[in-house]
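Residue 56 in our numbering sits at position 56 of the sequence shown; the count goes up by one each step and never skips.
Treat the hints loosely; a few may be bogus.
Said to hold, decoys possible - What follows is a set of in silico ranges between Cβ atoms, one per label pair, in the way DEER data are often shown:
id: 1; residue 1: 68; residue 2: 23; range: 11 to 21 angstroms
id: 2; residue 1: 58; residue 2: 20; range: 24 to 34 angstroms
id: 3; residue 1: 59; residue 2: 21; range: 24 to 34 angstroms
id: 4; residue 1: 54; residue 2: 16; range: 17 to 27 angstroms
id: 5; residue 1: 20; residue 2: 60; range: 29 to 39 angstroms
id: 6; residue 1: 43; residue 2: 17; range: 12 to 22 angstroms
id: 7; residue 1: 71; residue 2: 16; range: 14 to 24 angstroms
id: 8; residue 1: 59; residue 2: 17; range: 30 to 40 angstroms
For the record, the hints were derived by calculation from the structure and aren't laboratory data. Even glycine gets a Cβ: it sits at the ideal position worked out from N, Cα and C.
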Amino acid sequence: MPPAQLSSQASITSLLDVAPDMTRVGYLFSPATNPLSVTSFEEQAIRFGLEPVQMEVNDADEYRDAITAFANRPNSGLAVNGAAELWARTGTQ
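Kindly generate the complete structure, drawing on both the sequences and the hints.
In structure tokens:
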């Protein structure tokens, strides 16, 4: 199994461990940093019987908006690719 599939499978398995009633899984990604993993993640979500929700984000505002919108739906889990920490920031400049 390619590394992207293993990573996707591990992420989804971990989410299901803590939220076994999950019916949909969101995946935050930036196409500039990791465009190929989206297909793998979607395939793995479907394999687990989950509705995959792809959320393309390119800056901090888009991350915030996507997470806020997704959080309002019940029985959902959220995975974030490795580029997310580039925009993770708290406090003032």
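Okay, the hints, checked on the actual structure:
One distance hint, 11 to 21 angstroms for the beta-carbon pair residue 68 and residue 23, holds here, with the actual separation near 20 angstroms. For residue 58 paired with residue 20, a C-beta distance near 33 angstroms keeps the hint of 24 to 34 angstroms intact. Between residue 59 and residue 21 the C-beta distance comes to about 32 angstroms, which sits within the given range of 24 to 34 angstroms. Between residue 54 and residue 16, the C-beta spacing of about 19 angstroms keeps the proposed range 17 to 27 angstroms intact.
One distance hint, 29 to 39 angstroms for the beta-carbon pair residue 20 and residue 60, holds here, with the actual separation near 32 angstroms. Distance hint check for residue 43 and residue 17: the Cβ-Cβ separation is about 20 angstroms, which falls inside the suggested range of 12 to 22 angstroms. One distance hint, 14 to 24 angstroms for the beta-carbon pair residue 71 and residue 16, holds here, with the actual separation near 18 angstroms. For residue 59 paired with residue 17, a C-beta distance near 31 angstroms keeps the hint of 30 to 40 angstroms intact.
Hint violations for this structure: none, all hints satisfied.
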